[in-house]
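Student: So the sequences go chain by chain: A and B.
Per this note's numbering, the first sequence starts with residue 1, numbered consecutively.
Per this note's numbering, the second sequence starts with residue 1, numbered consecutively.
Worth flagging that the hints you see were computed from the coordinates, not collected in a lab.
Source: prediction; values computed, not measured.
Hints may contain errors.
[Said to hold, decoys possible] Cβ pair distances, simulated, as ranges:
| id | chain 1 | residue 1 | chain 2 | residue 2 | range |
| --- | --- | --- | --- | --- | --- |
| 1 | B | Trp97 | A | Gln129 | 25 to 35 Å |
| 2 | A | Glu11 | B | Glu18 | 32 to 42 Å |
| 3 | B | Asp177 | A | Val23 | 29 to 39 Å |
| 4 | B | Phe128 | A | Glu189 | 54 to 64 Å |
| 5 | B | Trp97 | A | Arg185 | 32 to 42 Å |
| 6 | A | Asn135 | B | Trp97 | 48 to 58 Å |
| 7 | B | Gly250 | A | Arg182 | 24 to 34 Å |
| 8 | A | Gln89 | B | Glu18 | 25 to 35 Å |
| 9 | A | Gln129 | B | Gly141 | 53 to 63 Å |
| 10 | B | Glu18 | A | Glu189 | 21 to 31 Å |
| 11 | A | Asn95 | B | Phe128 | 50 to 60 Å |
| 12 | B | Leu41 | A | Thr169 | 46 to 56 Å |
Note that beta-carbon positions come from the ideal geometry of N, C-alpha and C, so glycine has one too.
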Amino acid sequence: MPANSSEIVIEATNLKKVYGDFVAVNGINFKVTKGESFGLLGPNGAGKSTTMRMISATLTRSEGDLKILGLDPVTKAPQIRAHLGVIPQQDHLDNELTVAENLYIYGRYFGLSRAYLKPKVEELLEFAQLVEKRNEKVEALSGGMKRRLTIARGLINQPEILMLDEPTTGLDPQARHILWDRLFRLKEEGVTLILTTHYMDEAEQLCDRIVVMDNGTIMAEGSPAGLIAEYSSKEVLELRFGSNKNIEAAKALEGYGDRLEILPDRILLYCNDAEAVLEKVNHDGMKPLTSLVRRSSLEDVFLRLTGRTLVE
Amino acid sequence: MSTINRTVSRWTVLHAVEHRLLIQKKWFKSILLFGIGNPTLYLLSIGLGIGSLVDANTTGVDGVKYLTFLAPALLANAAIQSAMTETMFPAMAGFIWAKTFFGIRSTPISGKGIASGIWISAILQVAFTTGIYWIILWLFGAMDHAGSWLSLLTAIYGGLAVGAVMLFVASLIDHDDGFLAIVNRFVMMPMFLFSGTFYPLTTLPLYVRWIGWVSPLWHSTELGRWASYGHSIPGTIAIIHIAYLGLWIGLGLYFARRRFNQRLAK
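Generate the whole structure from the sequences, applying the supplied hints.
Tutor: See the structure below:
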């Protein structure tokens, strides 16, 4: 739950971003309260990163209104950025500097003193599990190590709002869980998290509230559980009949569940008791090559709302 | 959570300078080696070699021995080369190679601040390498007049003029298609050859002399020769030399800072 639900730290009203004829973000409205963990979900090109950059005060809006910590990014961008931690999709680390120097110099750009940065850099090296690599040049690091360093860099100024644009892409499962743990702790300290991700488990684990975006607009908004309850069934039965037989099999499966989706490689049957539906499918003589019973996820919500999967 | 000072400093540009100095420190040995080796080889081959030939067959050039005549031009050229390296390479690294500017833009510094920081750190680098060059010229006896040290300042001034414009030019490049090599071959080399470096510009026919007139190297060299050994320049022309290089600095910095802001806000 939000630490202090009364204080709004981000407020977007009819927020719009246009590049020539292309409308990247088309008049969206949302509010984020202090300590909340807020997720932006959507496929590539949905407008998530553009929205993130407008919140990060590095991209000016075309229309509408935006307030970050009560300040307008058009006139107070540096002041806003002083309060933010940004973990962009690309690492953009300085290859000519060492791991520790990357953290140090990034902190200096926030005007942080050397006395503050000395222990802070050590703390973040530990957090990123890069203590032994502290004097290595960045180009010698693996992709996962670079990602961890970028995440650590985003925390150098103890941000009040942490912006994470697909933060765990490239991380192994163990590193992802360590990051989740760290984010939980930051959240407990009152840090507001703004997150985009392609991982549904990540969104469900981390986000109090989610907006689903597509084509620059917000398709739905709510808690992960609330969105699933509203836009999907309790369970899903996934059936594979072979790539050329799915469409034909789907015709025979009409009425077996609440709803049915045909994907290129499989059929999704939305229902409340997937085991029972599978039994009936088998009993009726249909022979799927494979079957999977699972609970509904945000992926299903997205599929329902946009007709597309999140990772394309 | 402990609180930290989040006041945005008026001097954020100095953090960009610190960043550049941190990188330059890593290249210190190479910078020093190049700074000493380059002028030494130049002076041994062209200065002393060609200089001996010229001095043996003439009464010198512009009323002084050839090496004295040549030295301010070499110094001005060294400053320009150093300024180009220290402005174009960081801009290319920041925008294209490592794209570091796209990480830094999430901090309180603006694109304008980053551009200014690179240019200011270039001043320090140019002063350092040009200073070494001047000392070697002095050791070779090419800077033996009382006011010769002033040529160090005029060379740095010329270097920074080119550095400001090249900072802007580099900020326009979207893809690294060998642009730096093109600049070196088709801008720097003709400028070096046709700016009165090895002989007075007046010896060239008018149809190529204009290259010298528009070249910052010639303006810087003329000022350097005036400062170094009293090369005769009318007061108005001296003001034009200073103003022309000042215009390069002003326009270069104005457009570079603007372009950095625009590009990082895309």
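Student: Against the range 25 to 35 Å, how does the distance between the Cβ atoms of A/Gln89 and B/Glu18 compare: consistent or not?
Tutor: 27 Å, holds
Student: Could you say whether the range 54 to 64 Å given as a hint is met by the Cβ separation of B/Phe128 and A/Glu189?
Tutor: 45 Å, violated
Student: Does the Cβ distance between B/Leu41 and A/Thr169 fall inside 46 to 56 Å?
Tutor: Check passed, 50 Å falls within 46 to 56 Å.
Student: Per the hint of 32 to 42 Å, is the separation of the Cβ atoms of B/Trp97 and A/Arg185 within bounds?
Tutor: Since B/Trp97 and A/Arg185 have Cβ atoms about 36 Å apart, the given range 32 to 42 Å holds.
Student: Can you let me know if the beta-carbon spacing of B/Asp177 and A/Val23 is within 29 to 39 Å?
Tutor: 32 Å, holds
Student: Between B/Gly250 and A/Arg182, is the Cβ distance one that fits in 24 to 34 Å?
Tutor: 48 Å, violated
Student: Evaluate the given range 53 to 63 Å for the C-beta pair formed by A/Gln129 and B/Gly141.
Tutor: Cβ of A/Gln129 to Cβ of B/Gly141: about 60 Å, so the range 53 to 63 Å holds.
Student: Looking only at beta-carbon atoms, does the pair A/Asn95, B/Phe128 fall within the given range of 50 to 60 Å?
Tutor: This hint is violated: roughly 24 Å between Cβ atoms.
Student: Is 25 to 35 Å right for how far apart the beta carbons of B/Trp97 and A/Gln129 are?
Tutor: Holds: the Cβ-Cβ distance is about 27 Å, inside 25 to 35 Å.
Student: Given the hint of 48 to 58 Å, check if A/Asn135 and B/Trp97 actually sit that far apart at their C-beta atoms.
Tutor: 22 Å, violated
Student: For A/Glu11 and B/Glu18, compare the CB-CB distance with the range 32 to 42 Å and indicate the outcome.
Tutor: At 36 Å between Cβs, range holds.
Student: Using the Cβ atoms, figure out if B/Glu18 sits within 21 to 31 Å of A/Glu189.
Tutor: Once the Cβ atoms are compared, 30 Å apart, the range 21 to 31 Å for A/Glu189 and B/Glu18 holds.
Violated hints, listed in ascending order, are 4, 6, 7, 11; each of the other numbered hints is respected by the structure.
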